[in-house]
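Student: For reference, the chains in residue letters:
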Amino acid sequence: MANPLAASSANPWQGLDIQSEWERFSQRDASAAEVWTSHVWVDNMHCAACSGRIEQTIKQQRGVLAVQASAASKRVRVVWDAKQTSPSSWFANLNEIGYPALPLNEYNAISDRTVQQRKMLWRLVVAVFCMMQVMMYAYPTYWSDSNDMAPDMVQLMKWASWVLTLPVMLFSATPFLSQAWVSLKQRQLGMDVPVSLGIMTAFVMSTLATFAPGGWWGDVVYYDSLTMFVSFLLIGRWLDVKLRNRTAGALENMMRRLPHAVLKKNADGEWVQIAASNINVGDVLYVRPGEVFAADGLVMVGSTSADESMLTGESEPVLKPVGAKVIAGAGNLTSAIEMQVEQVGEGTQYHALVNLMASASTEKPGIALLADKVAQPFLWAVLLAAIYAVIFWWNTDPAKAIMSAVAVLVVTCPCALSLATPAAMLASAGTFAKGGVLIRRLQAIQAISEVDTIVFDKTGTLTENLQQVTLVETHAQWDRQWLLDVIASMSRDSLHPVAQALHAFALQHDAQDQLLLQDWQEIVGGGMSATIVTKAGEAVRVTLGNAEFCGIAHEAADALRQVYVATGEVQLARLTLTEQVKPHAKAAISQLIAHGLDIQLLSGDRIAPVKNLAAQLGIERAFGLQKAADKLQHVKLLQQQGRKVLMVGDGLNDGPVIAAAHTSIAMGSGVPLTQAQADMVVLGNDIGVLVSLISHCQKTILIVKQNLLWAALYNAAGVPLAIMGLLPAWLAGLGMAASSLLVLLNALRLTDWDKSGWQKGQA
Amino acid sequence: MEIAFLLIPLAVLLVFVILGGLWWAIQTGQFEDLEEEGSRILEQD
Chain A
1 MANPLAASSA
11 NPWQGLDIQS
21 EWERFSQRDA
31 SAAEVWTSHV
41 WVDNMHCAAC
51 SGRIEQTIKQ
61 QRGVLAVQAS
71 AASKRVRVVW
81 DAKQTSPSSW
91 FANLNEIGYP
101 ALPLNEYNAI
111 SDRTVQQRKM
121 LWRLVVAVFC
131 MMQVMMYAYP
141 TYWSDSNDMA
151 PDMVQLMKWA
161 SWVLTLPVML
171 FSATPFLSQA
181 WVSLKQRQLG
191 MDVPVSLGIM
201 TAFVMSTLAT
211 FAPGGWWGDV
221 VYYDSLTMFV
231 SFLLIGRWLD
241 VKLRNRTAGA
251 LENMMRRLPH
261 AVLKKNADGE
271 WVQIAASNIN
281 VGDVLYVRPG
291 EVFAADGLVM
301 VGSTSADESM
311 LTGESEPVLK
321 PVGAKVIAGA
331 GNLTSAIEMQ
341 VEQVGEGTQY
351 HALVNLMASA
361 STEKPGIALL
371 ADKVAQPFLW
381 AVLLAAIYAV
391 IFWWNTDPAK
401 AIMSAVAVLV
411 VTCPCALSLA
421 TPAAMLASAG
431 TFAKGGVLIR
441 RLQAIQAISE
451 VDTIVFDKTG
461 TLTENLQQVT
471 LVETHAQWDR
481 QWLLDVIASM
491 SRDSLHPVAQ
501 ALHAFALQHD
511 AQDQLLLQDW
521 QEIVGGGMSA
531 TIVTKAGEAV
541 RVTLGNAEFC
551 GIAHEAADAL
561 RQVYVATGEV
571 QLARLTLTEQ
581 VKPHAKAAIS
591 QLIAHGLDIQ
601 LLSGDRIAPV
611 KNLAAQLGIE
621 RAFGLQKAAD
631 KLQHVKLLQQ
641 QGRKVLMVGD
651 GLNDGPVIAA
661 AHTSIAMGSG
671 VPLTQAQADM
681 VVLGNDIGVL
691 VSLISHCQKT
701 ILIVKQNLLW
711 AALYNAAGVP
721 LAIMGLLPAW
731 LAGLGMAASS
741 LLVLLNALRL
751 TDWDKSGWQK
761 GQA
Chain B
1001 MEIAFLLIPL
1011 AVLLVFVILG
1021 GLWWAIQTGQ
1031 FEDLEEEGSR
1041 ILEQD
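Protein chains in written order, with the working numbering: chain A, 1 to 763; chain B, 1001 to 1045.
Chain B on its own, in the form it takes in the complex (with noise of 0.2 Å):
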């Protein structure tokens, strides 16, 4: 079990690595419009 030691500091430094890419995410607008960005694919210019 003493890699758990090892392993919990590790995930928790891996929460705030992931919270910094949603923090992108969200920054860039990738939450903005969820159903257009979808469909505008299928439409033409």
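Next up, chain A with everything else stripped away, as it sits in the complex (with noise of 0.2 Å):
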């Protein structure tokens, strides 16, 4: 792929204006024609204030309507209108203001992630080393009397710390020098600009000291505080940069998946390899098994079945025979076929999906808003404290006046306000992922920390999508047990839900599936047919399958499932599928219950079956016959009651309920993820997960205020010292990468999820 970077002219950026340019990074708005929805990646975007900035910037630009930015994920999410501007536009306008921005394409960022990583590794490295050094010509000094050495070997390891503190001046403390003298351009406030004040100052005072001892600015040396502050900064970006990475890379482990090359038959019935984006609408492809699809698709040739589950949440193989639709994403796992291509790139479901997930990661949780907003006038403080340190001490002694107002600006480093809130956020959203569990909006970690009730629905979210299968009635002149081998022998190679109940059932009454099969077939939304020699000799054709499939008459009123196995239109036996309980309902209700939590059922249902399914999980409140505006009604009385509600469903049937609840989770298989409403999906089928998943958002939130109420108690009695002049330079940058160490540790904590129960060590 070209990169469209790579275009030298006046503005860089112009290869982007080109629509298939920016289509590979942006996304059409479904309700406005000409309003496209980008993602990009903004390298040296590092705290609350470099995002709050770049949103004021770009959103004053004409056209554009809307701008988020994340500094935790380094993505800004920018709405735009193509009538109005143009990409290029706005990517020269982030590089004005000192952010250079990077369409978020697959290829792009990965790369540029592995140089940035290893380049940032290196100015660590290159710190703590020299640090390390510095500390020894360092240590001497403090521990000698003032006879013991020398003059001139004092005065050689001051040079020598200084020739080793000028790689880490010169190379490693530049992302923060730099970053500061672009936001002093713009007569703006970022965090680095105290820091690079304090960097600057403080070697500036070591280096006089140094080569022109004896002024008022004294003869001591700051290496040694100077570069361990510097190191400190670093290892907090350091880990910064790979607690961002693990979260991109699992997205980018997503859009990864995609085939980069496919083979296509050309006009002369001949297949070629193309390169996966010279795919068009109409191409026929040839899939192997092992292989995903590449495109939305019809099979055309063969069957197979596919691995849909990343997609659909379906865990279950789906059948994809002659005609049927296969998505993008999805894995071709049994045999070879072609397929016409229906949709290419961002039209398919899967890059909806990937979206989905890009956007949640750029989207601020409301406590990240309150950072945002304290961050400047914050930053206007500490530079206030810090000049008011140096009046303060400037007629008793100035160097002491100087240092300890590099000692405010030190000390107050706010990266931990700032990494408080995404850095706890990300580490769970990058959890519930790895564990099958979407976040579409970071805000829901939030909203389900605080809920006080849940209400369900029934179907596939507290039953089984898969049935219960009861041997209803036989007929009278066939023997029972043939009849079971039948129904094993013939449901056996299905791999319909419903062919592998009834496969499962059969064998549990000690069927044989063995028996001889000819003409085998499978209708997709009917059912099976073959040939089979019954124990007299004679060959008869059977079925089993619906009513329709097999001509039997049925009563369509019943609410029970029924298949049937005939013969001609003699019915040979009749089975029932009843909904089944899933496995943890029962066990993942209780502890519901156990921790406070009101629990309600909400059902369209029959009154009957719901009332006992509520009996058999332990609910007292079960609502049967509600229609999606009685749910909604319901939902929206006890909101004013003052409860919390969060809403478990399928995410499909209940689109105002959700809308109106305090947060909704979409559970089950099957659901297609692009449809579903809910702030969290659940992939796969596990009502267990939810226990878990409800007490590490509280937990969660809960590392969010410790993270907060450490940075504000640590700057609050760390000032006041420092104007004071009781704290050191060093003890002050080992201050600030403490508490930012720590905020950043304790976010940590959060990638353990133990999914098997609610979590101990809750308030």
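Worth flagging that the hints you see were computed from the coordinates, not collected in a lab.
Covered, in the sense of this in silico footprint (three residues per stretch, anywhere, with C-beta under 8 Å from a C-beta of chain B), are these stretches of chain A:
id	segment
1	118-130
2	149-156
3	160-171
Far from chain B, by Cβ distances over 12 Å, these chain A residues were calculated:
id	residue
4	29
5	343
6	377
7	390
8	515
9	596
10	725
Quick caveat, the model's predicted, so the values are computed rather than measured. Don't be surprised by glycine CBs; every beta carbon is placed ideally from N, CA and C.
Grab the two chains, each in its own frame, and use the hints to assemble them into the complex.
Tutor: Here it is in structure tokens:
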């Protein structure tokens, strides 16, 4: 893929103004044709102040409708109108204010991240290694009497320290210095400004003391504090980079799923290999087993089964006969097929999913918005405090005045404050994603932690989509055991969930699935048929499937699902399928009740089965015959009582209810993710996850609060000490680094997610 | 103690030599994957 940035012209981003180029990282708005949502990657966005500045500046552009910058994931989401602006103009604007952006298409970001990560590690290594050497030369002067060492020896050590500090200043610290310079030019205040001011002042003071001792600046050098401060800052950044890459990596793993090259049938009917980006609608592609479908389309030749678990949560392989729809990102499991392409690239369900996750990671939770708001005034307060320290001490001791100011600048470095929320939220989101829970909005973590009432939907949420089988009646003249053998044999090779349930049921009743079947056929949406030799030696055509397929008259009103075995139009056996409660449902519900949550059940089903299910699960309040409007009414009533309601459903049929509820989780397999409106989507079928999910959300918010409290307390204690001159520069640096590390490590505790139940150690 | 006047500059030089080695290690990706490379030797191809 050509790098769109390579084109050299007055505006280097002009290459992006072609629609096919911006389509690579943008998505058309569903409601307005000319409105696009683009995701870009801004590498040097480090703190709340930066993201605030980016939002402010870009929003002022004509034609830019909305901007959302997330320092935590380094992504910016821009909604813009193609009639009024073009990507190149806001790309240029981002560059002007010192935040060069990259379009967020996979290749750029990945290689860019490797380079970025190496560079950061290299800066860190240089700083730490030089710091250790500088410490060695600082150590003797701390612990010796002034007469122990010859003055020229002391001087030599100062020179050596200066030489070793140079790489730290000129290389390791440059991200902070250059970022500060850029924001000063913009007449704005970023977190790097006070930090750089501190670093520069300490370096200038020490250099003067080394080469021109005896002035008002004294002859004390601070190379050790300086290198240590830079090292600690870089350790914080390094951990930060690793944490982000872990989240970004999870996203990119999904994006990298699609193949890069595919086999396409050309005009002569030959198979040629083409790049996946050149697939067009209407192309015929050859997909081998084990490969991933590169586009949405229809099966033309052959039949196979597909693993769509990543896209739909359906854990069973899905049968794909001729004419069936296959989706990009799903895996081809059993055999090679030819497919005709219907949708490529951004139009596919797969891309919608990837964009969904990308926009979830840029959205800011409420607590983070608070941090943005206080960042600017906080930085001004820091500068004023530093100036105050200088004025306060200047008459007594100018050197002490300057170094007290440095201590103020260093100790308040707001890394901890700006990291507190995003680090914890992203750590949890990443952990959830690994455990099969996707988050659409980061706010959901906060919302779920606050709920006191959970309203469940029944089908697919508390009960299995897979059914329990009962053999109701068999034809009097046919051997019951032989019929079971027939059911077992005919359903053996089908991947349909009902057939698998039948097969399992028959085997439980001692059936053999080895009958000889001739012309076995499976018709999607109907059933199976085959020719079988009976015990009497007669060959009969047997059908297994629904009433229509078997040609049997049936009463439509019956709620239970019926499956028939028939030959001709004679019914040989009738089976019913009933809903089965999910394995962990009872345990999950009782755990939730034990933790003080009010559980309610709303279902559109008849009252008797709903009450029955509620009794089985220990739910006291259960309501049947609830239409969507009734459910909505019910949830609103609960909210009027001041309850925070979590709605758990299949995320599809309950649209208005989900919108009204405080927050929502979509459960169960078979839910098309892109249509699900819930805040979180639990892939797979295990309702037991819910318990640990809620407790993990509570733990996340607890950790966010701990982090914010810690950052606030630390500043409240550190600033007065620094102004009073009681805090030497090295201790200030240590305190700053320790608080940032503490916040990050605290957040990293969230990467452990014990799915087995309510997590201990909660309030 | 005169020897220190030779050793300290030498030590500073040595720091830069070692940093050069670390630079090579980082640029060739020695620290990119600390877990998998160790276990790869135990796995069959």
